[in-house]
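J.: Fit the two chains together into the complex; they arrive one by one in their own frames, and the hints show the way.
Chains as they are written, first to last, in our numbering: chain A, 1 to 133; chain B, 1 to 306.
The hints are simulated quantities; they were obtained by calculation from the structure and are not laboratory data. C-beta: ideal position from N, C-alpha, C; glycine also. Just so you know, not all the hints are guaranteed correct.
If you want the ones that stay clear, here's a sample from chain B, every Cβ over 10 Å from chain A, calculated [said to hold, decoys possible]:
id, residue
1, I21
2, L82
3, F118
4, V190
5, P192
6, I197
7, Y199
Pairs of lysine to any residue, SDA-like flavour, derived with a Cα cap of 20 Å [unchecked claim]:
id, chain 1, residue 1, chain 2, residue 2
8, A, K103, B, K270
9, A, K42, B, H162
10, B, K270, B, G250
11, A, K42, B, S161
12, A, K103, B, S161
13, A, K103, A, D63
14, A, K42, B, S241
15, B, K52, A, D56
16, A, K103, B, S241
17, B, K272, B, F256
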Amino acid sequence: MHRQRRKFLWWLGGGLIATVGIFFLSMIRGILYRIKAETAPKYLPVDLPSGVTFHDDVIVYRDADEFIIMSARCTHLGCMVDTRQGEELVCPCHGSRYSMDGKVLTGPATRNLARLRYRIDSKEKRIVIEPPP
Amino acid sequence: MSHPPNESPSLMRRFFNSWSIILPLPGLLSHAAMFIVIGSGIALALAYDVNKPYDALQVMILSNPGATFIRGIHYWSSQFFLVLTGLHFADQLSRNGEREITPGSWLQLCLVVPTLIFLMISGFILKGDRSGILAREVLDGLLGVVPIGTSILKFLFLGSSHTLQVVYLHHVATATLVLLVLTLRHGERVWPEPRSIIYVLGFSMVLAAVFTPGLNAEASGVHVRGPWYFVGLQEILHWTSRPIWVVVLGMAGFVFLFVLPFVPKGCSRKIKCTILACLIVYLSLIVIGIFFRGTNWELIWPLANS
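For reference, chain B alone in the conformation it holds in the complex (with noise of 0.2 Å):
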């Protein structure tokens, strides 16, 4: 690959090196999965009410075994596509990839990271439970921190506080077209591997026929975890006072992920360094959100309310 000959590929070379000896490449896996998602989520629009999202989607639930196995797909296809992106990025970071196309291209796939956290935020809020409510809040809290046109901010990302009618407009159109003009240009092609779809599509089936994604069971506890991509989020916000300081940090993650390409390349590589290093803590505070916080915000042992 792109490392010299006299030097040994870095540990995350090896593992994608052994990846693509089993499955297609992390990219085209997330091309599959972002069409898979869009797909699902066309024919789960035809069933979404937004004026009783709730009460839509208990009925779909309850009464439509159909639709429910395409909200598992539509579900479990994006959790999928969030985590193949991530790998996608990482697998073309520690091959230098980011150099080897324009600046504005670059930009482009850099957008992509906060487009595809939005449409996931906005796909959990427009479940329409008390979780979704909540994390509505938050976003909302988390705009009203930024010091310029706090109100104009929350009303294009959130619309009015009484109707999901904006998140939900965002979420099946302005966000993914946003996400299909960014990513279709890169992937140089635009329908996605056969064998991709095939893998994606088969593991989501599975998934959803097993795990069906239900609302919100905690729905009067004290604790209301966000997902799972947000959990490390809510651990950071449980530990801070100041918000502000979590917009500023997401906004210079950012920033060095941008300025990677134009970087020299030790800084480069401290700056990728820096970035993993994150990503590790960021992961453990998901581990032990999930795992090690109780229902009433205390800190246990796995299993120990179970």
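Here chain A stands alone, though its shape is the one from the complex (with noise of 0.2 Å):
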């Protein structure tokens, strides 16, 4: 009786471990991705209008041939700056106002988006976003 119930825990023990793996594994991979996601550099058509656009997390401001893209992060809280409000950016969770090229005009951030690095792939006409350092 008492040799069944060592056997039992000891299953017991093994299938907690392994549970408790699986979840910590899963979360390495989780991570990973999230790295990966973040590492991995991001493509735009070339032939975007003048002034602002949103893509996702990326802003770009074209100027005739000059392009300033950006990291729609506001560098407050990581909010997705995605709103235009005459010509400034206005972070909706609490209301950061940046200027076109990415200054910071208001608080509460203190800091300018950050700008991203890209080339332009110009064989296959788009815009390749590398991601941030």
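T.: As structure tokens, then:
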């Protein structure tokens, strides 16, 4: 009886460790996925209209042939800056305002929107946006 | 009650004494609300699609009045649960109830506060509309200011950014189970009192029938308001450039709550007064955020935009 209980507890403990192990493995996989998604290059068509356009977590400001490509993440708390009011970009979460080229105008954010490095792939007619360093 | 015979009861004690004449105690009502939230949540979980949450809820609102009604009950009973749990804490603290239980039990009850807040905000995120998405980003940002283990914390609570799977899992299972474990032993009863169920369910049903909780109507606005209980936090974050202070203050609040039974009564009284003052300030910020904050982040007079 005692041996059977010990055997049962061994199985139970093993099962518990396996479950926790699987959970941690899936967690590490998820973190790696997140890192991979954040570090993958993004592609946009090169024929974007002039002015500001929003592309998920990227904002593009085009003036003739000049591009300014910025992260849409508000530097205050990481909300997506996805609205424009007149000549200002506004964070909908806490009201930080940026100029069209990403300079902070009013807080709570204190830093400008992060500029992203990019290159024009003229062969594929697309903008290749490098992930932030 | 617990006050000496020659001392008149405090305003709060008088409030709860009057309350108990008309209604069941907040703790009993809160227990009933928890069961109604869980019951209606189980029914809702069937119709929820974690891959297309917003679409699933929109279809439900447009084509399924029964499910919409249950969603309304889930929403309103959860609001009651939050408020009643707060009142139950206030009731017990005003009669020094924290000194009548073991330190372990008190720690469990203190842990109810962050668990309940997480349940409420995860429910808000699961709407999947713009305000839900932004709430997730704010939570992600707040976890991001924690100096250590940021990636693990973010993944543990929010999962991958492209799906609501982990948030959904925590909302319907993990956090709910934690809440049940934390509260059921404290309540010394499993099933709620019938009279309390009738009150909470009745009020929730009436409110669900009259005010259907919709999805975010201000989809293109420059000011997206969070859930009412986080509007105060949104106001604080609007004014501060260093969100880490919000995390530090939240943790300090938890520590102050936990140490209440272990400090001398005079000190405990001062901490309670401080908590009450902070709560009044926070409630005032909620009022400011809801009624005095315009769609353009400017301060306005109430109803000025309507």
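J.: Each hint should be assessed against the structure and marked as holding or not.
T.: Hints versus structure:
Residue placement check: I21 of chain B keeps its beta carbon more than 10 Å from all beta carbons of chain A (closest about 44 Å). Every CB of chain A lies more than 10 Å from the CB of L82 of chain B, the least distance being 22 Å, so the non-interface label holds. Against the 10 Å criterion, F118 of chain B stays outside the reach of chain A, whose nearest CB is about 18 Å from its own CB. The claim that V190 of chain B is not at the interface with chain A holds, since no C-beta of that chain comes within 10 Å of its own (minimum 25 Å).
Remark: the non-interface label on P192 of chain B is consistent with the geometry, its nearest Cβ contact in chain A lying 32 Å away (cut-off 10 Å). With a least CB separation of 35 Å from chain A, I197 of chain B remains clear of the 10 Å interface cut-off, as annotated. For Y199 of chain B, the non-interface assignment is confirmed: its Cβ lies about 36 Å from the closest Cβ of chain A, beyond the 10 Å cut-off. For the hint pairing K103 of chain A with K270 of chain B, the CA-to-CA distance comes to about 45 Å; that exceeds 20 Å, so the pair is violated.
Among the hinted pairs, K42 of chain A with H162 of chain B is consistent with the structure: their alpha-carbon atoms are about 16 Å apart, no more than 20 Å. Between K270 of chain B and G250 of chain B, the direct Cα distance comes to roughly 18 Å. Compliance with the 20 Å bound is thereby established for this hinted pair. With a CA separation close to 16 Å, the supplied pair K42 of chain A and S161 of chain B stays within the 20 Å bound. Distance check on the hinted pair: K103 of chain A and S161 of chain B sit about 27 Å apart at the alpha-carbon level, beyond 20 Å; violated.
As the CA atoms of K103 of chain A and D63 of chain A are separated by approximately 16 Å, the hinted pair is consistent with the 20 Å bound. With a C-alpha separation of about 30 Å, the suggested pairing of K42 of chain A with S241 of chain B is violated against the 20 Å cut-off. Taken as a hint, the K52 of chain B and D56 of chain A pair is honoured in the structure, with Cα atoms around 17 Å apart against an allowance of 20 Å. Between K103 of chain A and S241 of chain B the alpha-carbon distance is near 16 Å, which keeps this suggested pair within the 20 Å criterion.
For the given pair, K272 of chain B sits about 9 Å from F256 of chain B by alpha-carbon distance, which is consistent with the 20 Å threshold.
The structure fails hints 8, 12 and 14 (numbered hints given earlier, in ascending order).
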